[in-house]
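Protein chains in written order, with my numbering: chain X, 1 to 385; chain Z, 1 to 96; chain V, 1 to 300.
Since the hints were derived computationally from the structure, they do not count as laboratory data. All C-beta atoms in this analysis are idealised placements derived from N, C-alpha and C, irrespective of residue type, glycine included. Among these hints, one or two may not hold up.
Claimed, not checked - Computed Cβ-Cβ distance ranges for the label pairs, DEER-style:
(1) X:GLU197 x V:TYR289: 28 to 34 Å
(2) V:THR145 x X:GLY368: 38 to 44 Å
(3) Z:CYS72 x V:LYS55: 21 to 27 Å
(4) X:GLY230 x V:VAL33: 23 to 29 Å
(5) Z:HIS59 x V:MET30: 17 to 23 Å
(6) Z:PRO43 x X:HIS218: 55 to 61 Å
Claimed, not checked - The list that follows gives simulated cross-link-like pairs (lysine-lysine, PhoX-like), each with its CA atoms no further than 25 Å apart:
(7) Z:LYS45 x V:LYS241
(8) X:LYS207 x V:LYS55
(9) V:LYS55 x X:LYS226
(10) X:LYS207 x V:LYS60
(11) V:LYS20 x Z:LYS20
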Amino acid sequence: MKADPRGVLTGTHFMDGDHSCCEGALAAGCRFAAGYPITPSTEVVERISGRLPEMGGMFLQMEDELASSIAIQGAAWAGAKTLTVTSGPGFSLMMEHIGLAAMTETPCVYVDVQRGGPSTGLPTMPAQQDMMQAKWGSHGDYGIIAVCPNSPQECFDLTILAFNLAEQYRVPALVMMDEVVGHMIERVVIPEADRIEVVPRRYTQKKPGEYLPFRPGHDLVPDIVKAGDGYRLHVTGLTHDERGYPAMNVPAQEKLVRRLVDKIRLNAEKICRTEESGLDDAEVVVVSYGITSRIAQRSIELARARGVKVGSLRLLVAWPFPEHRIKALAGRVKAFVVPELNFGQMALEVERVAAGRSRTVCVGHAGGSVHDPKTIADAIVEAAR
Amino acid sequence: MANDTAQVPAPAPAAKKPRKVFGLIYVERDRCKGCTFCVEFCPPKCLGMSEDFNAKGYHVPMLTAPDDCTGCNLCGLYCPDFAIYGWMRKAGKETP
Amino acid sequence: MSEAATATVPAAAPVRPANKVEPFLRMDRMPTVWCPGCGIGTVVNGLAQALERCKLDLDKVAIVSGIGCTGRVAGYVRLDSFHTTHGRPIPFATGLKLANPELKVIVVSGDGDLTAIGGNHFIHAARRNIDMTVICVNNHTYGMTGGQVTPTTPPPAIASTTPYGAYEDPFNLQFLADACGAVYCARWTVAHVRQLAKAIEEALQKRGFSFVEAISPCPTLYARRNRLGEGVDALKYYEEKSVVKHGAPTREVGIGFQSEIAVGKFVDRERATLIEAMNERYSKAVRGYVPYPTGHKPRK
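Can you build the whole structure from these sequences, using the hints too?
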């Protein structure tokens, strides 16, 4: 389906990542947003609060992140594509409701513009310390999708992707930005609306009485309805059966939770997006994402100049993790070098999947700034020995 | 002669109109939890709890004075388990 | 003298009409989980009667609840129903309403859910005058988790987390709702079935944030721990000690332990709803602004 032109600011812009994220949401069809101010994400909702009234949408600044993270789910069940935005401390507050969205299979988008943590940390400075939290942050077993833009252009493009994946898989989708990507200003090209693909909500064809809100299709995803259409549906965070009725027993838990996990895990190869280069003859592969991938590009150039055959595997989708790509490379390369603005989070995934067939070298960072490219380059050269 | 009222014949009592509306109740026995809200709040006090009990072990309400039931359905409004309700039935009619 | 006090009753059993409340319920989920003598089901009766009297299109009515015994109401009524997280039915309902103002949104939840963990959302939704009806079943306890103290537990009641008796001054929910700007505030007990149904009916027809508090027993926990008898004994106390005080100043209608209970309608006023206020502002400031639908029926 093509994007609704009312939400598409076609043209070439000079815009920061936060603002581009807002435009991506609008292009994807977002017409309801709720949020609470928190640096460095506030600009997303500041912009959206001005833009949504122009196109018949609605933004409400809620009293806290707890309210924002569930108001968007109410709006989703009323039929809207919805978004909320936050950073570390707010992301922690939203965790219960990300779990609710996963459990009730509510399509919605959560944006985390990561900053230095833990706790209040460094509000105006970057980090990538919430990556594991994105996957595991809520209690219980479930799957989510998370994308990692590395430029304002990607903040536009990958926010649209997040909305599309949320609709396709009836799951909360996260946009894991960071303060640098959010605040850097670069050229952003927004195409004509008819060149933007959006995935419509997968409303059921079945009538009330025939429709079961949690009976999955062949892709493990159920079709959806919205309130007000006569389905008299019941949605609960309790473990439930296909009718949506609470079913607090072991077989129901096994059936439901296994499907919530498998829905993402077994569809991972379709969901994952990577950008790869120089892998054919690589001795070392740099696995990176977000702003660090921009620094890593420079590091790769420096390492190549020192004679190392370096390839790059950039994660555009961090969760589900592209296990199939790492498995294909493990054993063929001497090492994976994983630079990130944390002390090793996605590196743990690389190491797990490589299963010792290649070394995994984490180039960590406490956050607050980006890496010095030489640090990563040195690590690459060392890994190639 | 102040106390001569006894000499005046008592007036004939006004003819009572035949009662046209009756009430009936129905109890979904196995849904009842024996809370007795209905018994307590029945305006004509025509309900009481049974001697026997249902499958869950609760005593259930029954009409102890069926002729007094007016079918007001206050029992139905009070019942937290939707296990009893009343309705009005006109005399001589099979259906309400 | 007429003997015709009773006319002849037909001998054959007459056809039984259906229970009028059943179309509102998910009958496939009966019986409920509520204890014998719990008043939540009685509140549901009041809601069913109010919905019927309002003649609303039930396909467009949505009910949102939180967690707790009262939270289970969403699972039992046959409407689009959402059983959300503890304390958060109000912001969920806010999103639901604002994204589709045509929906009639009703929040049904307990005193702990709405005013302890959910307190922040309660006060802001009332302040904003979001068009929704909030029915608070106030049994002065957290029943589902075993009878802990809540912001409405009157001292010196015993609760599982105040084993020596509560000592905090409780909320007066009517005062709270009034102070935050709710346009309709009423309180009845589950002994007042007709008045409760009427109050819910008025609240549903009221434009803006309408609040109905239903005092209800918790026989298994609150009443048992405080030796107050069964559910029916609580209803007798409500009937005996309630005093109708329509229009009383809300600051004066607090409830103490086994005290007099002021019931009635305390607040009924008009104020722009959130969407009305938004439209008013944006039509002045946004060029070419198309007013956002309010979902209100035209004022009589």
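Against the 25 Å threshold, does the CA-CA distance of LYS207 of chain X and LYS55 of chain V hold or violate the hint?
holds, 24 Å
Are LYS207 of chain X and LYS60 of chain V close enough, with their CA atoms no more than 25 Å apart?
holds, 16 Å
For the range 28 to 34 Å, tell me whether the beta carbons of GLU197 of chain X and TYR289 of chain V fit it or not.
For TYR289 of chain V against GLU197 of chain X, whose Cβ atoms are near 30 Å apart, the range 28 to 34 Å holds.
Need the status of pair LYS20 of chain V, LYS20 of chain Z: alpha-carbon distance at most 25 Å?
This hinted pair holds, its Cα atoms lying about 23 Å apart.
Going straight from one Cα to the other, do LYS45 of chain Z and LYS241 of chain V come out at no more than 25 Å?
Roughly 21 Å separates the two Cα atoms, so the pair holds.
Does 17 to 23 Å hold as the CB distance between HIS59 of chain Z and MET30 of chain V, or does it fail?
holds, 19 Å
Is it true that PRO43 of chain Z and HIS218 of chain X lie within 55 to 61 Å of each other by Cβ?
With Cβ atoms ~60 Å apart, the hint holds.
Tell me if the beta carbons of CYS72 of chain Z and LYS55 of chain V are separated by a distance inside 21 to 27 Å.
Holds, at about 22 Å.
Okay, GLY230 of chain X versus VAL33 of chain V on CB: inside 23 to 29 Å?
holds, 27 Å
Return holds or violated for the Cβ distance of THR145 of chain V and GLY368 of chain X against the range 38 to 44 Å.
holds, 42 Å
Between LYS55 of chain V and LYS226 of chain X, does the CA-CA distance stay at or below 25 Å?
Distance of about 22 Å is within 25 Å: holds.
Hint check: no violations occur; every hint is consistent with the structure.
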